[in-house]
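Novice: Make a model of the complete structure from these sequences and hints.
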Amino acid sequence: MAKVKALTQEWMDAYKAAIVADPDYKQIAKDWEGSVALVCNPDPDKGVPETIYLFQDYWHGDVGEFVVCDKAKAESAKFVMTGDYSRWKQVALKELDATKALLQGKLKMKGDLPYVVRNIKTVNKVIDILGKFDTQWPDDPA
Amino acid sequence: MAYESDLSFNYLGPTKIVFGVDSSKDVEIEMSTLGGTKAVVVTDEGIIKAGLIDHITKALGGKCVGVFSDIPQDTGVEVVDAGAAFARKNGADIVISVGGGSVIDTAKGMCMLITEGGTLRDFNGIQLLTRPQIPHIVIPTTAGTGSEVTNAAVILDKAMGQKRLIVENFNIPRLGILDPKMTAKLPKLLTAGTGMDAMTHAVEALHALPHEPITDGLALHAIRLLYRYLPTCVENGNDLVARGQVQIAATMAGWAFSIAGIGIVHAMAHSIGAIAHVPHGYANGMLLAECMDFNLESCPDAYAMVAEAFGIRERGMDDLDAASAAVRALKEFTKKIGHPQRLSEFKVNEDDIAKAAELSLGDGCILNNPRMVFDSSEVLEIFRKVL
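As you go down the protein sequences, you meet chains Z and H in turn. Residue 22 in the numbering used here sits at position 22 of the first sequence, and the numbers go up by one each step. Each position in the second sequence, counted from 1, maps to that position plus 1000 in the numbering used here.
Hints are supplied without guarantee of correctness; some may be wrong.
To be verified - Cross-link-like lysine-lysine pairs, in silico, DSSO-like; alpha carbons within 30 Å at most: (1) K1016/H x K108/Z; (2) K1158/H x K100/Z; (3) K1355/H x K26/Z; (4) K1355/H x K125/Z; (5) K100/Z x K1016/H; (6) K121/Z x K1385/H; (7) K106/Z x K1016/H; (8) K121/Z x K1158/H; (9) K1355/H x K100/Z; (10) K1355/H x K78/Z; (11) K1347/H x K1335/H; (12) K1158/H x K30/Z; (13) K1158/H x K108/Z; (14) K30/Z x K1355/H; (15) K121/Z x K1355/H; (16) K1158/H x K78/Z; (17) K132/Z x K78/Z.
Calculated from the structure, these hints are not laboratory results.
Specialist: Shown next as structure tokens:
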């Protein structure tokens, strides 16, 4: 199976499909409601010339809109997580724990922290799924 | 204590520490080195009445543009907003906080609003800042919070019925002045409570999941100093050697937990503080031993090190034996220093602990606890043991 290009609509579609296909996700995420935006800061040297905004909608175990979007839509999300390209790649490859990254300031999060903490199993599950499909990162050798 | 092969951490401790008897008199000199020309002093009425401000405002002279002192025991969002408005109105370019945790956390919030504008409720999230904030000098009058060196502040949001946890690396104070004389008038009970706050920071930094060798070293020496000198401070508050060592221990514990994190004790203390207004240090001190007991089998090696720091690990004890001995010793220690033992002493009831148990599951600190906690009934069980 061909690798999916990271941070593209194709990648968002694959991510959504992997979440929907996960046998445990629906039960774990039954209490989660609200959208999440991931903002990837530009890093031209690594093939990310501009900021990339990704919008994901989650609702009580169901998955809604998963799109590459503009800044305004990203900022409308209930939670907005921002980080450098290399940090997002590390999180996806499980080289960096997302919670630790937040506490160390490697990622930033706008939104209700207690809500995230209460639903940390959902967050961990979604991140776990992120590593389950083959991804071609912009700075990977072709 | 063993470390995993994938150990990785960032140690960030940018605060300069100035220590010594009468070092607070140097505040103007130190302020100038940070480029400050107009200082707003943040404190509370108790500190003013205790006469701990006069020599500081005198040293600052005309560089003091105002004193903001309308700060309650548990600071709130509105207090921070009012403090920032006061500082802006007076054109402050540096903040000097003189007080305990509530005062220092108020000043931290003020620094963000002075630099970025808006109100504290605009800062809903974690690590949101992207540039250094206005300089902040801290002169603690208690030895417990370690807030002079941490990236964290806890601010009560009455409307939400919860304490807001602010974590911002760009808002760590630039300078802490530890003058033992500033804590010499602290009453016995408050000395015990704030000291147990520091002890809790140190122990929780050892058992927190992101602990690492540097923070372990800081935490362990903080525990040694507290175990040795805190009883002396309670007995004789004018012993400036003991006062100074406990101040240093509180700062070291602050550095340790700022990097390593804290765990279930703080999640519970924040929550019972928000629900029933139990002062933070006392809540920590009452809950610490029972929470260690709860975690015992998840991190016996960490608590065995506590036993070593207490000097009570005997030959032949395995880690679990030593960890159990540390829990017992800690309970005795709190009695020895006259620390409150039961939440009911603060009029806490069964309804309060049920609400606080639920609230604890949403506190960020709980994520770093060595034993995963997913159900509020586990937290409630611990609360009941100290009710």
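Novice: Taking the hints in turn, state whether each one holds.
Specialist: Here is how each hint holds up against the structure:
no.	hint	result
1	K1016/H x K108/Z	26 Å, holds
2	K1158/H x K100/Z	28 Å, holds
3	K1355/H x K26/Z	28 Å, holds
4	K1355/H x K125/Z	27 Å, holds
5	K100/Z x K1016/H	25 Å, holds
6	K121/Z x K1385/H	28 Å, holds
7	K106/Z x K1016/H	24 Å, holds
8	K121/Z x K1158/H	28 Å, holds
9	K1355/H x K100/Z	28 Å, holds
10	K1355/H x K78/Z	25 Å, holds
11	K1347/H x K1335/H	20 Å, holds
12	K1158/H x K30/Z	29 Å, holds
13	K1158/H x K108/Z	25 Å, holds
14	K30/Z x K1355/H	22 Å, holds
15	K121/Z x K1355/H	22 Å, holds
16	K1158/H x K78/Z	22 Å, holds
17	K132/Z x K78/Z	25 Å, holds
Of the hints listed earlier, there is not a single one the structure fails to meet.
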